[in-house]
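Protein chains in written order, with UniProt numbering: chain U, 1 to 331; chain S, 1 to 331; chain D, 1 to 331; chain A, 1 to 331.
A portion of the hints provided could be inaccurate.
Remember, identical chains collapse to one label, so a pair may be satisfied in a single copy or spanning two.
As the list claims (entries may be wrong) - Straight-line Cα separation of at most 27 Å, DSSO-like style, residue types lysine-lysine; simulated pairs:
id, residue 1, residue 2
1, Lys36, Lys2
2, Lys2, Lys162
3, Lys20, Lys162
4, Lys219, Lys162
5, Lys36, Lys219
6, Lys219, Lys160
7, Lys160, Lys20
Calculated from the structure, these hints are not laboratory results.
All values reported here derive from a predicted model rather than from experimental measurement.
There are 4 protein chains.
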Amino acid sequence: MKFLSDNAARVHPRVWDAMKAADEPDSPYDGDGLSKALDARFSALFGRDCAALWVATGTAANCLALSAMVEPHGAVICHREAHIEMDEGGAPGFYLHGAKLLLADGESAKITPEAIARVIDPIRDGVHQVHPHAVSITQASEYGCVYRPEELAALSAFVKGKGLGLHMDGARFGNAVAFLGGSAADAALGVDALSFGMVKNGAMSAEAIVFFDPAMADKVRFRRKRAGHLQSKGRYLAAQILAMLEQDLWLDNARAANAAASEIAAAARSRLLHPVEANEIFLASTAAERAALRTQGFEFYDWGDDAARLVTAWDAREEHVAALARAIAGL
Amino acid sequence: MKFLSDNAARVHPRVWDAMKAADEPDSPYDGDGLSKALDARFSALFGRDCAALWVATGTAANCLALSAMVEPHGAVICHREAHIEMDEGGAPGFYLHGAKLLLADGESAKITPEAIARVIDPIRDGVHQVHPHAVSITQASEYGCVYRPEELAALSAFVKGKGLGLHMDGARFGNAVAFLGGSAADAALGVDALSFGMVKNGAMSAEAIVFFDPAMADKVRFRRKRAGHLQSKGRYLAAQILAMLEQDLWLDNARAANAAASEIAAAARSRLLHPVEANEIFLASTAAERAALRTQGFEFYDWGDDAARLVTAWDAREEHVAALARAIAGL
Amino acid sequence: MKFLSDNAARVHPRVWDAMKAADEPDSPYDGDGLSKALDARFSALFGRDCAALWVATGTAANCLALSAMVEPHGAVICHREAHIEMDEGGAPGFYLHGAKLLLADGESAKITPEAIARVIDPIRDGVHQVHPHAVSITQASEYGCVYRPEELAALSAFVKGKGLGLHMDGARFGNAVAFLGGSAADAALGVDALSFGMVKNGAMSAEAIVFFDPAMADKVRFRRKRAGHLQSKGRYLAAQILAMLEQDLWLDNARAANAAASEIAAAARSRLLHPVEANEIFLASTAAERAALRTQGFEFYDWGDDAARLVTAWDAREEHVAALARAIAGL
Amino acid sequence: MKFLSDNAARVHPRVWDAMKAADEPDSPYDGDGLSKALDARFSALFGRDCAALWVATGTAANCLALSAMVEPHGAVICHREAHIEMDEGGAPGFYLHGAKLLLADGESAKITPEAIARVIDPIRDGVHQVHPHAVSITQASEYGCVYRPEELAALSAFVKGKGLGLHMDGARFGNAVAFLGGSAADAALGVDALSFGMVKNGAMSAEAIVFFDPAMADKVRFRRKRAGHLQSKGRYLAAQILAMLEQDLWLDNARAANAAASEIAAAARSRLLHPVEANEIFLASTAAERAALRTQGFEFYDWGDDAARLVTAWDAREEHVAALARAIAGL
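Chain U with its partners taken away, still in its complex shape (with noise of 0.2 Å):
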């Protein structure tokens, strides 16, 4: 009974069916009529003129993200366990030609204005420190915390009263507008640039880079190509994420990851260690505990050497979510 993450669950057969669909050849990379319906499609959903890109993989999409808003001799101010700090080796250094991360603290990996502040005001003036150019915030949150729309509001006016361009890691994101209520323009409030994650949501292969601002769409375009991003037959991956968009399958998926992880998270109360609002959840608990929990079948990460980590997925079968819950109940 797999908890480990959502990173490697299935592909949903509405996702399956879409790709077949999409089996006809038609123009190469991004010429395809699926490609081009990505722009509209997106636009819909949140309510304003988006221009969208599909690549491959969270990692590609921030990185490309960034790389509109960032130059080479900037640097990006982010929580200090992001994912683009802690687990992309290296990518944001190679796709902002060595541009920097400046890591700010906040509670369960969420950061606040505050927090950008105690990063910025010991920068000098002048060239001698590396100063931001943008800031990259995770919805939901490393540790499956949410950003509400009015913390959204108050981040963005913040940075952009600082001059910054401001990203939103969604690797998640579908997990957070569930959370949320539903509404994809109040959990991405304010944002210039959104990685919109599928994969981890019932796509196989596709993400989409969401560009508020059409110009960055523009030049992005050209970063994708040159990063080898821009597959040949790139209309599998629109079909992907066209099929995730249809009827909100996306946010149905999500939903389902959020219930299952709620209904553990309620076994595991006085457990937890951050607030289980998305699909993950941290629980405090001994190795020996972990290993009687193994013992019973159920697969996840350690968290240090006083937690768990355990991620439900969208296709997490309701026996192991129950049963999960029941073991923990019973430690």
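With chain U fixed as given, assemble chains S, D and A onto it according to the hints.
Below, chains S, D and A alone, put in the same frame as chain U:
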């Protein structure tokens, strides 16, 4: 009737089947069983120890392979019309951190030891000019022509004698092997790293980088992640590659494409600008002749003012091929 | 008797004096009074607002200037024999983060709008090929030839019309101005940034980058520091530049070098491969003739098999120049 | 009375003399006799084979040295307050093509094997996190503290055991050697490459990169040119370095600066935030106290709200030093 390119062709049914069969969750990234099977599978094919990595595009394959051989202050020698120079949006400059491409000439986009020498010899000793670290050749070439094993032996000996690495862009490697009679090892003789193309030949989104020096693969694993090319559901890419290798599907597909090209070429003998050895036909033709072909429903690219480029794919329909042959004969 | 290059000539006594006069400690980096005086001094010289930065080398000057105009996914158009292409050890690839150089042809290493068009026109729309962001020209050219103001006006209009930046490598800018009659503004007409060479013309280790668009300078200040080119005792570099500008020392020195070249050229009329407009002479000559000159004590470089390159510096000694002229006449 | 920094001090008269003596033209770049003499001169000083390159700045020295040890996908471990992290405008990101700096803690800006282990140990195996390729330490440290030979031996053994390179930023290497008693070899024990600072210690614009592994120097020669740091009149830089080494001028100058700092420190015993081992004094002080010192004519930097940083240079005037000591004692 599309003869535009092989890069947007269908996905082969056996590749679809293999992807579906991979749907059950396994370890993410390249920790799954399918990804782990690649080294042995390619080692068997080439009759020597190989390490193989999947990536989504030929551009990524080429540039990552070269990144194992070329330092940022170095250069790659390639043909003036090589894909890495002409069609990859500057990706080599990105992946090689500013290393240069030094351009060689040669018939039908093939290069020889003499052509390489004409690039190297004028380079002055010392640090004022950039020195090559590797040579990249394309099999089959940009004009669909194939390096014979003895040509590769001579090239490789020359390149090694200069202390350089040797990379092969095999976007149409299958077509070259099919032409040569079926030995993958012969078609990649003396090469350090091969971009083994699958997408043009029946796969959806998976190319293989095959390293004949495992130390190169160890470095490129880091570079692949850093470039955002390590997909979390890597098992679907590995599945495509394994399906292509299973029972020589790659070779059958390439033979089908080559046969279609040969049939067309036979009808166009006096108009061929290059020998038709793989699946591309460069057809001397006037604008009026090309318009006539298009009127009959054939799609293809102009190649300058006086020629057309026609490409056959693995799924070329016999009646389309025959019709095109007739139409060309009738010009 | 050295006619190898002007790049190792003596430091002019007035430059020495200025450096000594700067010995009293002042603010480090470019916070000292001398560094701060550069903008006004160059603005006066060019008759318009300029921002000027010192750096130690022409390579740094060229590449930093270009870094204000060219994004990593772009390119620079320059002459096939430009210093940035042939002699800077790949520095443009480093400073521009992998951007390409696109090579134009032209008589005497000068380029024209037509030559630029021949580079641009075949570039396909879209992201598969690299597009230029700037043009770089050399004044005086690699063959010692000078762009006339009307040529610059035409070039600049064309380049601006394409939306590109225009950079001038002025390693021998003084020699060009001297040839044209003394107006710095005329010799840099229509240019966005100028590498104003001082080292070949009497300074020790200071070149100026002159920006006619101050926003470019603001960005390059960061890039200069990031490249390790912001010296802490910057006052000694500023002192050199100010001394060169004082009472037109730069122009007097350039005139002296040009006059020496003219005297030699007059003796070599029938052998000149390029017009002698600055301080370089390209002399058609056999190996035996060059050996004869060397036997008489003259040092210079071969230029291929059939020519010699002779360069005169600001401190060329009259008796050496006269002797060389006689020797050439006597061949 | 300036105690702001040693980085804007005068040029020593013997350095001036050496530069003047180098005025006669010689081969350009580093082909002159003086530049060629550096290897032997440093080999004699360190009692082992060295290869030494001049550059104009400490930032270039540090980053070029590191570029011989660190690949773009790697990282450098350094102290959280190291100059390369805090004061070089992102130059490591540029020179190392996006490699990261990983920050270690430690008293007085020195690091220990344990501190390095605390950085390395949490890094997960595999490609998702960046792995270090080198460690950089600063001698004397940012707080003017000196690594003892036995500390260096332990550090070096640890670093080598991890398969990493070891770089020493010796911007104030002379001050460290002076403190330790005069052996350059002891002060750089176990190091692969040393940035040997000259500019803060009496030179104008020349630092030395000393490689104890000649293969590193061979690579860095290309990188230096590529970074625009190969000056054409290199003989003036070599002359500065040779003058500094002649009759141990570097050591005498460092001793003078250290003695001045010691005199001040003796008057400030109870206020010292760090041991005064080189030429920097970090003085606990209130804003009012600092204002009082400034009223008396002393110039220096605040160090946060509760301290001052005072730096003595080789040319500190005895009466100024004595006056400062008295003033501090009288606070």
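27 Å Cα cut-off: does Lys219 pair with Lys160 within a copy, between copies, both or neither? Both: 21 Å inside a chain and 20 Å across chains, each within 27 Å.
**Message:** One pair to classify: Lys2 and Lys162, alpha carbons no more than 27 Å apart. Within, between, both, or neither?
**Reply:** neither (44 Å within a copy, 35 Å between copies)
- Query: Quick one: Lys36 to Lys2, C-alpha cut-off 27 Å, is that within a copy, between copies, both, or neither?
  - Reply: between (37 Å within a copy, 20 Å between copies)
What label fits Lys20 with Lys162 when the C-alpha limit is 27 Å: within, between, both, or neither? Result: close neither inside a copy nor across copies, 47 Å intra and 44 Å inter.
If the cutoff is 27 Å on CA atoms, where do Lys36 and Lys219 land: within, between, both or neither? Let me know, please. within (17 Å within a copy, 36 Å between copies)
When no copy is specified for Lys160 and Lys20, does a C-alpha distance of 27 Å or less occur within a copy, between copies, both, or neither? Neither. Shortest intra-copy (43 Å) and inter-copy (46 Å) distances fail the 27 Å Cα cut-off.
(message) My question is about Lys219 and Lys162: at a cut-off of 27 Å on alpha-carbon distance, are they close within one copy, between copies, both, or neither?
(response) both (23 Å within a copy, 17 Å between copies)
Going down the numbered hints, you'll see the structure goes against 2, 3 and 7, while the others check out.
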